[in-house]
Every structure is written in structure tokens, then in C-alpha cells.
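K.L.:
Residues per chain are reported as follows:
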Amino acid sequence: MSEHHSTYVPSTGIERWLDARLPIVRLMHDSAVSYPVPRNLNYFWTFGGILMFVLIAQIVTGIVLVMHYTPHTSMAFDSIEGIMRDVNWGWLMRYMHANGASMFFVAVYIHIARGLYYGSYKAPREVLWILGVIIFLVMMATAFMGYVLPWGQMSFWGATVITNLFSAFPVIGEPIVTWLWGGYSVDNPTLNRFFSLHYLLPFVLLGIVVLHVWALHHVGQNNPTGVEVKDYAKDTVPFTPFATVKDLYAMVCFMIFFAWFVFYQPNFLGHADNYIPADPLKTPAHIVPEWYFLPFYGILRAIPDKLGGVLAMFASIGVLAFLPWLDTSKVKSGAYRPIFKICFWVLIIVTILLGYTGSQPTDKPVLTLGDRTVLDMVGFAQILTVIYFAYFLVALPLLGLFEKTKPVPASIADSVLGAK
Amino acid sequence: MKMISRSLIAALALAGAAMSPALAASGHTDNPPAQKWSFSGPFGTFDRAQLQRGFKVYKEVCAACHSMKLLSFRNLSEPGGPGFTEGQVKTLAAEYKVKDGPNESGDMFERPGRPADRFPAPFANDEAAKAANNGAVPPDFSVIAKARTYSRGFPMWLFDIFTQYQEQGPDYITAILIGYEEAPKGVTVEPGLNYNKYFPGNKIAMANPLIALFDDNGKAQDPGFYTDGTPVTREQVARDVSAFLMWAAEPHMEARKQTGAKVMIWLTILAMLLYFSKKKIWARLEGGH
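From first to last, the protein sequence lines stand for chains A and B.
Here the first sequence stands for residues 37 to 456, numbered as in the working numbering.
Here the second sequence stands for residues 38 to 326, numbered as in the working numbering.
Hints were generated in silico from the structure; no laboratory data involved.
The C-beta atom is built at its ideal place from N, Cα and C for all residues, glycine as well.
Be careful, since some hints might not be right.
Stated by the list, open to error - Which residues of chain B face chain A? A few of them, derived with a C-beta cut under 8 Å, are:
id : residue
1  : Ser188
2  : Pro288
3  : Arg293
What the hints assert, rightly or not - Listed next, the in silico DMTMM-like pairs over lysine to aspartate or glutamate satisfying Cα-Cα at most 25 Å (straight line):
id : chain 1 : residue 1 : chain 2 : residue 2
4  : B       : Lys294    : A       : Asp450
5  : B       : Lys316    : A       : Asp122
6  : B       : Lys256    : B       : Glu219
7  : B       : Lys317    : A       : Asp122
8  : B       : Lys127    : B       : Glu115
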């Protein structure tokens, strides 16, 4: 958006004085008031703002929780119950924070899916997209460590299973695990460092988010047509009031969804087992990660080899970073790509089904013929994993070469007002 | 598009068969019957009399083995709870001997309990609890109503989001308390275990705890156990103590739901105002959107 010049005019003496020294008001004006937004954005584009709200809500509630939390294996569980019982509005802070993590993933998955469908990762938004993938990874690490802090059964056993994954790497595996644990098992040093990192990472996240937004404001938003802005006057509207009011409306609708869980179903998204204090001598019947990790856990378990599983799991997220170059189509938006559209929905369904396999016992039969199990959960997950990767590594590169796309509108304005 | 949405629903349906920690271990376990709870739903409140009865059951039956170390006597008179008066709580706390100290000469001493004291535990430590209970520590009851559940299965768990069903814990506890029966033919129950049709795997270490209150025919040993005229039946006692345990696990539930109603009204009005503002502002554009 280099040709979009600042429209800020300092109106008072003090603003002119400050503008000559630190143009911070100009920066805010240019990025939140006059910033040009494609006029055809749909409501899927409001999730960036929603994510910003959730991140800040998580940081604020988290800071309050830390004032009352004790990161020690013998006191962590009880200190959280103390927050629930004896801290004024402690139950609200804690339930907002615990459910806020889930809300974060609900919003981020919609945000990512929107980017996938409308080709938001393509030039000139590759760096913007890769920053997003990094944000997603840091988010996952933060959520995982946060879930360990209450020191319930799922906290402890989840931490044990996930940190143990690193032992799959030859030679360096075992030393890495010992280093992560700060000892020879998941124990107090592990809890302490997870707590420290759980406090640090959200601010790292915030920093990457600033870069993400900076990149966004430099290249401008993609839009449902995938056609770049050609004429600012016709194709865009100023961020304020148009996007501001729309984003706020969507944000409040999302808050209603959020509040439903916080006030009426605060434990729906968690596991009952995590209300049992951690016991290193008693393994729960089923160790299941939080719902937002299930598809990746499904991929991990699909591969019979431990190292292979770990690599496949990391690859399933890492592959996202290469999307800008894997997708060879000249047409950005999925709206004009009939075959891509089908592939996209297959990917969504396959990801949900992978989540299902991740939540089930591995030997559970999926397909039976008489008494014979034709397909068990692992076999099913293997098929789904192949389709998952095929989307990125086969479908996207080939579709660009063979797919017959529909005609793309000449401009954003044309798509809204009809070609004249 | 239709095909896509249909297959998406099918995928969700399959994925739905998951979620909620599956308790199913081995054998057939009945799902706990759904009880009617005064505290269910968006406007639910605890039944004070029921919580008081439930506390009596806990105090006279469960407390022999199960601690409740996160609760203090004072909680019993706090808003949203059983509604005992502060005087009643003082008297109740004073019935217990609490270890305190050290005093000025460095000795530990016993004194009568005070409302600020935690509920005293039945055993001095886990080892003592194990020694008295066949090697297993009876779980603490502070959050037990949130720590127990059963698999809802698909599509029930999905409906639960809309119906706000979240009483798996008290339903499960009630079921366990009324689920003791003769083992069916062909099922051998090892010594030290008991048959319970609602317990995952059906074999539970805890002996029927309500045996103390009822004779073999299920008749109350002491029909005057409840002083408020409530009939003393197995189901009633099981429900009362389950309700009490739910309150103990979530003492601010009433405040939570009442705050929720205000927040929901406020957010809905705000959303409507923003919706109309958005419409009005976007109407300035040719073609709108």
C-alpha cells in the first residue's frame, strides 16, 4: 500500500509539536482510522480483531491469576481452588482464562481456514502468512504449558506424554527430555519452567502479532475476490468507521458465544480428570489432549513409528509455511476455483475426522466385517493423514496446472456494484 | 455445496462420538439416570434444605473415610450455600477438636474448632488412610463432583451445549450410591470388591456406604434421620449428598449463573446497537454491504 499516503492532519498545537518529534498519533490515525479496507470483506475477516481481543483478555486474566497462583507441585492444585473459592471474582478470572484458551483456538482455526479458502497466503502476503504460522505454533506451546499449571491428572500425564515425544530423536532425544524436565521425570522443576514460559510466551506472541499486523498494513488485506485493490476511492473504505463498527459488532457476538461457556458451561471443554490432583503413580485410563490438539495428536498416533509420528505431527503444521509456493494457481480466491473448493472442504472434513481419531482408543474398530476388524482407529487415521498431506503436496501444486477457473471480476468495485 | 454441507455434518457426527473423557473400561456399565436438580439450567439455585440434609449425610456417613480439605466451616454460612446461620456454624465448628500451635512454650495443643478452620480430615495422613482402607486412599471430596463424569456419547454431548446439561458429576455420584446390587449370575466379584451397576467395570472397592442408614430391605434404620420431615429413602439420601458435593465443588455457582444472566442481557443489547450502527454506517456506501 505504498501509494497510500498519510491523511493525518494535526489540528492542535500540541499535536503538531508531538507529530514533529514522535508521530505516534499519526501512526494510530493511519493504521486505525484512514487505513483503507477492501469494501467487500465478509464476516470471516472479523476474526483477526476477535483474536486480538482474546489475546488481550488472556493476558489480563492471566496476570490476575498469577497474583494468586503458586507454582509448586504440592500447592498448585489447591492454589487454583483457592482462586475459585476465596479470591473475589476469582472463579470468573479462572473460567475466562481456561475457556479463553479454547476460544482462542476456535477463532484461530476460523481465521486460518479463511486464509486457506481465499488464498490469503499468496504473493504479496507470504511473510504475513508465515508470521501467522509462527503465531499458531507459539500459541500451541503456550496453551500446552498453561494446561500443565493446575497440576491435575491430565496436566501431569499430558506433560509426560508430550515431553516424552522428544525422546524419539536418536542420540539427542534423551538429553533433550531431561533438559526439558529439569530432572529425570516431570516434577517441580518442570512445573516451574512451564510456568515461567507460560508467562513469557504470550508477550512474545504479542510481539509477533505486531509484526503480523505491520505486514498486513503494508500489503493490505486480501478479500473474497482475491483481486488486489486497484482504485482506492472505488475499491476501499476507510477503516473507521466502516471496519471498526463491523469488527466491534462481530466481536460482541463472539463474546456472547464466549460468555455462554464461561457462565453456563465452564467445564464443558475441559476434562473431569483434571479435577483430580496429579498422581505420578496412577495413569488415567485415557490420556487425551485438549480438543484443539486432537487432529495433530491423531496424525502422531497414525504413524506406527514413534519418531515418524513426531515428524509427521510437526510436518502437518510446518507444511503450512510452504503454502505460498505449493499453491501454483494464478487465481487467489477459492470462490473461482471449482475443484479447489471441493479439495478445501475435504481437507476440513479430514481434519475434523483426524480429531475424532485422536480422541479415541487406537484399537477401537471403525469398520468390521462379521467378527473381523477391517479397519481400526489407527488404520483410519493413516488414511486421513495421507489425504491431509495430499491436499498440500499433491492437490495444490497440480490444481494450478490443470484446473479450469471461473472468470474473476475486474475489480473489487465491480464485484460489489456489478460490471459497468 | 449441499453435498459438502451434508458430508460436513456426517464428519461432525463421527467426530462427535468422541470428546468427554471416556470412562468405559470393560464390561457393560449402565449410564447414570438423569436426576432433577434445582441448580441445573441458567437460573438454577441450590435448594438450601437439600444442602443442609446433604451435609448431614456427609458428616455422619462419608466423613468417616473421605476428607474435604478445601472447605472451611465458614463456607457453610456463606451466600449461595447451605445457608446455615453464623451461630450454627460456630456451634458446629466447636464440636471438633483442632490441632493448633506451637504455643509460647513450643507445644502443639488441641482447641475447639472455629469457623475459619478447614474440615478436619478423618485420617492423619495418606498412609493411615491406606492402612484403614485395603491399601487405597479414599479420594478427597472437595471437588469430586467435578472430577467424576460419564461418557455422554454422540450426539448427546453436542446437545449438552444448548441444554446446558452439566450435572454428570452429581448424576454419577447419585447413581453409584444407589447402584449396589447382587452381582448377576456368571459374574464373580473378588473379595474386597463390590458389584455396582453404574461403576465402570462394575467392581468397586468401596462397600455400600449407605448400609449404615438402611437395613437389608432398604428401610431407614432411623426414620427421623432428617429433621425437616423429608422421607429417608436411599434415593433421597443419595441425591441430597450429591447436591451437597456439587455445591462444595462449585460454591460460587449461583453467583456465576446470576452474573451470566446480566452479562448476556448487556451483551445482547450492545450487539443489537452495534448491528444497527453498522447497518446505518454502511448504508452511506453505494451498493452497501
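K.L.:
Does each hint hold? Answer for all of them.
P.N.:
Status of each hint after checking the structure:
1. With a least beta-carbon distance of about 10 Å to chain A, the hint placing Ser188 (chain B) at the interface is violated under the 8 Å criterion.
2. A cut of 8 Å between beta carbons decides the hint on Pro288 (chain B): the least distance to chain A is about 6 Å, and the hint holds.
3. At a threshold of 8 Å, the smallest CB-CB gap from Arg293 (chain B) to chain A is about 6 Å, leaving the interface hint in force.
4. With a C-alpha separation of about 49 Å, the suggested pairing of Lys294 (chain B) with Asp450 (chain A) is violated against the 25 Å cut-off.
5. As the CA atoms of Lys316 (chain B) and Asp122 (chain A) are separated by approximately 45 Å, the hinted pair breaks the 25 Å bound.
6. Pair hint Lys256 (chain B) plus Glu219 (chain B) holds up; C-alpha atoms about 17 Å apart against a cutoff of 25 Å.
7. At roughly 46 Å between alpha-carbon atoms, Lys317 (chain B) and Asp122 (chain A) are farther apart than 25 Å, so this suggested pair is violated.
8. For a cut-off of 25 Å, the pair hint linking Lys127 (chain B) to Glu115 (chain B) stands: about 13 Å separates their Cα positions.
Checked against the numbered hints listed earlier, the structure breaks hints 1, 4, 5, 7; every other hint is satisfied.
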